[in-house]
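A.B. asks: Heads up: the sequence shown begins at 1 in my numbering, then just goes up one per residue.
Any given hint might turn out to be false.
[What the hints assert, rightly or not] List time: in silico DSS-like cross-link candidates among lysine-lysine, alpha-carbon distance up to 25 Å: (1) K229 - K175; (2) K107 - K66; (3) K143 - K107; (4) K156 - K175; (5) K66 - K38; (6) K281 - K293; (7) K66 - K152.
Think of the hints as simulated: they come from the structure by calculation, not from any bench.
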Amino acid sequence: TYVTGCLIYEGNSLPLLATIGTVSTGALKKGRKIRLDKEEYLSIPYQFIAFLVGLIDGDGYISITKTTKGFITIRLVICLSLEDISSLEYIFSVLKIGKIQIYRDIKNPICKLTFNKTDLQEIIFPLLIHHNIFFLTENRRQKFDLAMFILKNEIKHYNQISQTKEIPTIFELPKTALEYLSLAFFKNWLVGFTNAEGSFCIKKNNDGCFQFPACGLQIIHLQLFEAFKLLFNTKRNISIEMDRYIQFSVSSKTDIQTVINFFSFSGLHPLIGLKNIQYFKWLRSLQNSIRYKNLNFPSLT
Numbered sequence: 001t002y003v004t005g006c007l008i009y010e011g012n013s014l015p016l017l018a019t020i021g022t023v024s025t026g027a028l029k030k031g032r033k034i035r036l037d038k039e040e041y042l043s044i045p046y047q048f049i050a051f052l053v054g055l056i057d058g059d060g061y062i063s064i065t066k067t068t069k070g071f072i073t074i075r076l077v078i079c080l081s082l083e084d085i086s087s088l089e090y091i092f093s094v095l096k097i098g099k100i101q102i103y104r105d106i107k108n109p110i111c112k113l114t115f116n117k118t119d120l121q122e123i124i125f126p127l128l129i130h131h132n133i134f135f136l137t138e139n140r141r142q143k144f145d146l147a148m149f150i151l152k153n154e155i156k157h158y159n160q161i162s163q164t165k166e167i168p169t170i171f172e173l174p175k176t177a178l179e180y181l182s183l184a185f186f187k188n189w190l191v192g193f194t195n196a197e198g199s200f201c202i203k204k205n206n207d208g209c210f211q212f213p214a215c216g217l218q219i220i221h222l223q224l225f226e227a228f229k230l231l232f233n234t235k236r237n238i239s240i241e242m243d244r245y246i247q248f249s250v251s252s253k254t255d256i257q258t259v260i261n262f263f264s265f266s267g268l269h270p271l272i273g274l275k276n277i278q279y280f281k282w283l284r285s286l287q288n289s290i291r292y293k294n295l296n297f298p299s300l301t
């Protein structure tokens, strides 16, 4: 019998979802218990986990902040327009952890789904490690590595972070577009990233268009966008503006059919919330266009 984190195991094998670090006594004082049985979380579909990571890469962030007493607070937050609260409710219904909060600012009402440190230690991060799924944007990757380092080494005080010379990388990024495309989770990740950053639109000349508008090169690797080209089998050039922003966009009939095939006929995790509504409105507009009448559309009934 031995102890890993806060869990006790018999035999020589580690658990599939081992708690990362030690759950603080402060968290336990709030009336919650350590999750000894995590079998239900292993039943969460792989496609959902990959989709969720893509969504977080676009609309989420990992927060590592300092408390008034100098301790470390770690959270993972997904922030959406209040109109899209159904997306957060869906994610919560699958994971059954986290807390949804509403901020009714008159100019910009938003909603957030927040996972606290214990949620990350016991469920979220262990699931990513178990499935070998990782963030593909630089900001999220750096914060994930730092959070994992803090949890594994049980660092308590914020000023200890600045004393760390090197933060180890948990997952190495692919170096080529083909390596990105070869990631087992890449397609479902892309659906999640599309849910956050993608756009289905109709141009003024009535051409259909699918795009990722103006993502910052400081957080996105060029080879990731080149992988989009490979996935959608297009010759359309990646646009780079002022050496700072990168954009992927397709609008030809052939490319539009490939996009429809990807989101409607590939058996991937579906788009959710407002993005799913946008996608189906886009499909209806294409169906009503003479230019696209010969395309293969999914049933919209």
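A.B. asks: Do the alpha carbons of K229 and K175 lie within 25 Å of each other, as the hint requires?
C.D. replies: holds, 16 Å
A.B. asks: Does the structure keep K156 and K175 at a Cα separation of 25 Å or less?
C.D. replies: violated, 34 Å
A.B. asks: For the pair we were handed, K143 and K107, check the Cα-Cα distance against 25 Å.
C.D. replies: violated, 30 Å
A.B. asks: Check whether the Cα positions of K66 and K152 lie no farther apart than 25 Å.
C.D. replies: Since the Cα atoms of K66 and K152 sit roughly 18 Å apart, the hinted pair holds (cutoff 25 Å).
A.B. asks: Given the hint that K66 pairs with K38, test it: the Cα-Cα distance must not exceed 25 Å.
C.D. replies: With Cα atoms ~30 Å apart, K66 and K38 exceed 25 Å; violated.
A.B. asks: Could you grab the alpha-carbon distance between K107 and K66 and see if it respects the 25 Å cut-off?
C.D. replies: violated, 29 Å
A.B. asks: Taking only the CA atoms, is the gap from K281 to K293 under or equal to 25 Å?
C.D. replies: holds, 16 Å
Hint violations for this structure: numbers 2, 3, 4, 5, all remaining hints satisfied.
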